[in-house]
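2 protein chains.
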Amino acid sequence: MPYAPINFTKKLALITDHWSPKIIAQMNETHFKLVKFEGDFVWHSHEHTDEVFIVLEGAMEIEFRDDRVSLHTGEMLVVPMGIEHKPFAAEECHVLVIEQADTVNTGDAGGCKTAANDVWI
Amino acid sequence: MPYAPINFTKKLALITDHWSPKIIAQMNETHFKLVKFEGDFVWHSHEHTDEVFIVLEGAMEIEFRDDRVSLHTGEMLVVPMGIEHKPFAAEECHVLVIEQADTVNTGDAGGCKTAANDVWI
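Chains A and B, in that order, give the protein sequences.
Numbering of the first sequence is given in the working numbering, commencing with residue 371 and proceeding in unit increments.
Numbering of the second sequence is given in the working numbering, commencing with residue 371 and proceeding in unit increments.
Relax, there's no trap hidden among the hints.
It does not matter which identical chain is used: a pair holds within one copy or between any two.
Here are the simulated DSSO-like pairs of lysine-lysine, each with C-alpha atoms no more than 30 Å apart in a straight line:
| hint | residue 1 | residue 2 |
| --- | --- | --- |
| 1 | K381 | K406 |
| 2 | K406 | K483 |
| 3 | K406 | K380 |
| 4 | K456 | K406 |
These are computed hints drawn from the structure, not numbers from a lab.
Values in this document were obtained by computation on a predicted structure and should not be read as measured data.
Pulled out of the complex, with its shape left as it was, chain A reads as follows:
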């Protein structure tokens, strides 16, 4: 079959590490990535892309320098290009991240939480 549905639950079951985005689809020049968030991430920004967070299960926060947004299951947020932000999840949260292909998770910040940006599951 040339076409097959991508099932979020089945794909998430393949992910065992936190803060490590896995690509599940590409649309034009945009990647769709599943990520399991837990705990604190790093302050960073993405110079070349807006970034969409869609919460599939759980709750998370995105801190901005002048604001903080709580996201729950069935909610999304667009973080504009170039804006510093820091994701956080008190408990494990399953997220669909959508952004320009080849984007690195830690953006301009680097550091030990930088993950490969080309892993498909």
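Model the placement of chain B on the given structure of chain A, informed by the hints.
Only chain B this time, still in chain A's reference frame:
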């Protein structure tokens, strides 16, 4: 507050018509649209964009000239640019459609099911 979560359930409650995409967000040059599908749509293709379907609630099918895919809640499919397809939903199905900004729902086909491509909710 400069940033606010976009809640799918609350936005869907504002939609009363079928096959009429409403924009809820933009990421780079990509629009995120909520649509309520019910019944049969028309054969069409999109010359300039791939098209993502994410089922938020319900079930739908996408027919291709040589295939047919069933999608359920928590599943997505990428329809490649230029490929003829026809969505169908036996019962009302709530879908997040993601595609290049300014895309028209009926693509190259036109006809009475063509909806405005610039309505935000």
